Amino acid sequence: ERLLDFARRSFLVPVPQINDLEQLNVQLAALCQADLERTLRGKSGSKRELLIEEQQVLRPIPSEQFEAKRLQIVHANSLSLIRFDRNSYSVPTQYAYRSLKVVATVNEVRISCGDELIATHSRCWHKQQYFFDPLHYLGLLERKPGGFDFARPFEEWELPVCFGILRRRLEAELDGLGTKEFIKILRLLERHSL
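Residue numbering for the sequence shown follows this note's numbering, beginning at -7 and increasing consecutively.
No lab work stands behind these hints, which were simulated from the structure alone.
The structure displayed is predicted, hence computed values, not measured ones.
Worth double-checking, as some hints may not be accurate.
Pairwise CB distance ranges, derived in the manner of DEER restraints [said to hold, decoys possible]:
hint, residue 1, residue 2, range
1, Trp149, Glu173, 14 to 22 Å
2, Asp77, Glu150, 25 to 33 Å
3, Leu181, Ser70, 22 to 30 Å
Here are the simulated lysine to aspartate or glutamate pairs, EDC-like style, with alpha carbons at most 16 Å apart [to be verified]:
hint, residue 1, residue 2
4, Lys136, Glu173
5, Lys35, Glu45
6, Lys35, Glu46
7, Lys61, Asp77
8, Lys93, Glu108
9, Lys93, Asp77
10, Lys119, Asp77
11, Lys39, Glu29
12, Lys61, Asp125
13, Lys172, Glu134
14, Lys172, Glu148
15, Lys176, Glu163
16, Lys93, Asp107
17, Lys176, Asp107
18, Lys39, Glu56
C-beta: ideal position from N, C-alpha, C; glycine also.
Could you build the full structure based on these sequences and the hints that come with them?
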């Protein structure tokens, strides 16, 4: 705030008479360059000389862009969910009961086990929400096919119409095994996209 106050008093009082922002920028750049030639009381040289001297020992700007992120170690529960920032995010069922690392950026939550990225979700800034990736639960569903129509991770899963047609045909032709065969087909989505 002190620097802002200095800049306002030094460069914007009285209010400059300008026609557009381009002219203001040119005028401010000239005033800043002139200010670099001033020598402050008690200093050995001008602001420019001191700046050049200080630049010799400054660290270089990092080559990679800064990523605003939050790191946290979490524990997956029996439902293959981790709690982060008062929300629950799913992980593949084989990672239940394990300690995992969460890297949360402004837009996404990345969950990893060791160096392996195991799940990615869009970050939610609301609280007490649940985020399921149905693909995380297909392995469990293969062992318990009766949960397909009632399990929470699959409630909002919108598959293309052709999947519904395929399921009905498999169930009609294979009776009790139709759902199991359909789940095996869905497991292909773990390796192949739609």
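Hint check results:
1. Trp149 / Glu173: 14 to 22 Å: holds (18 Å)
2. Asp77 / Glu150: 25 to 33 Å: holds (26 Å)
3. Leu181 / Ser70: 22 to 30 Å: holds (24 Å)
4. Lys136 / Glu173: holds (12 Å)
5. Lys35 / Glu45: Holds, at about 13 Å.
6. Lys35 / Glu46: Distance ~13 Å between lysine 35 and glutamate 46 Cα, so the pair holds.
7. Lys61 / Asp77: Given pair lysine 61, aspartate 77 holds - Cα atoms ~13 Å apart, limit 16 Å.
8. Lys93 / Glu108: holds (10 Å)
9. Lys93 / Asp77: Holds, at about 13 Å.
10. Lys119 / Asp77: holds (8 Å)
11. Lys39 / Glu29: Holds. Lysine 39 to glutamate 29 sits at ~6 Å (cutoff 16 Å).
12. Lys61 / Asp125: It is violated: about 22 Å lies between the C-alpha atoms, which goes past 16 Å.
13. Lys172 / Glu134: Holds, because 6 Å separates the two Cα atoms, which is no more than 16 Å.
14. Lys172 / Glu148: Outside the cut-off at roughly 20 Å; violated.
15. Lys176 / Glu163: holds (13 Å)
16. Lys93 / Asp107: Satisfied, since the Cα-Cα distance of roughly 9 Å is no more than 16 Å.
17. Lys176 / Asp107: violated (28 Å)
18. Lys39 / Glu56: violated (30 Å)
The structure fails hints 12, 14, 17, 18 (numbered hints given earlier, in ascending order).
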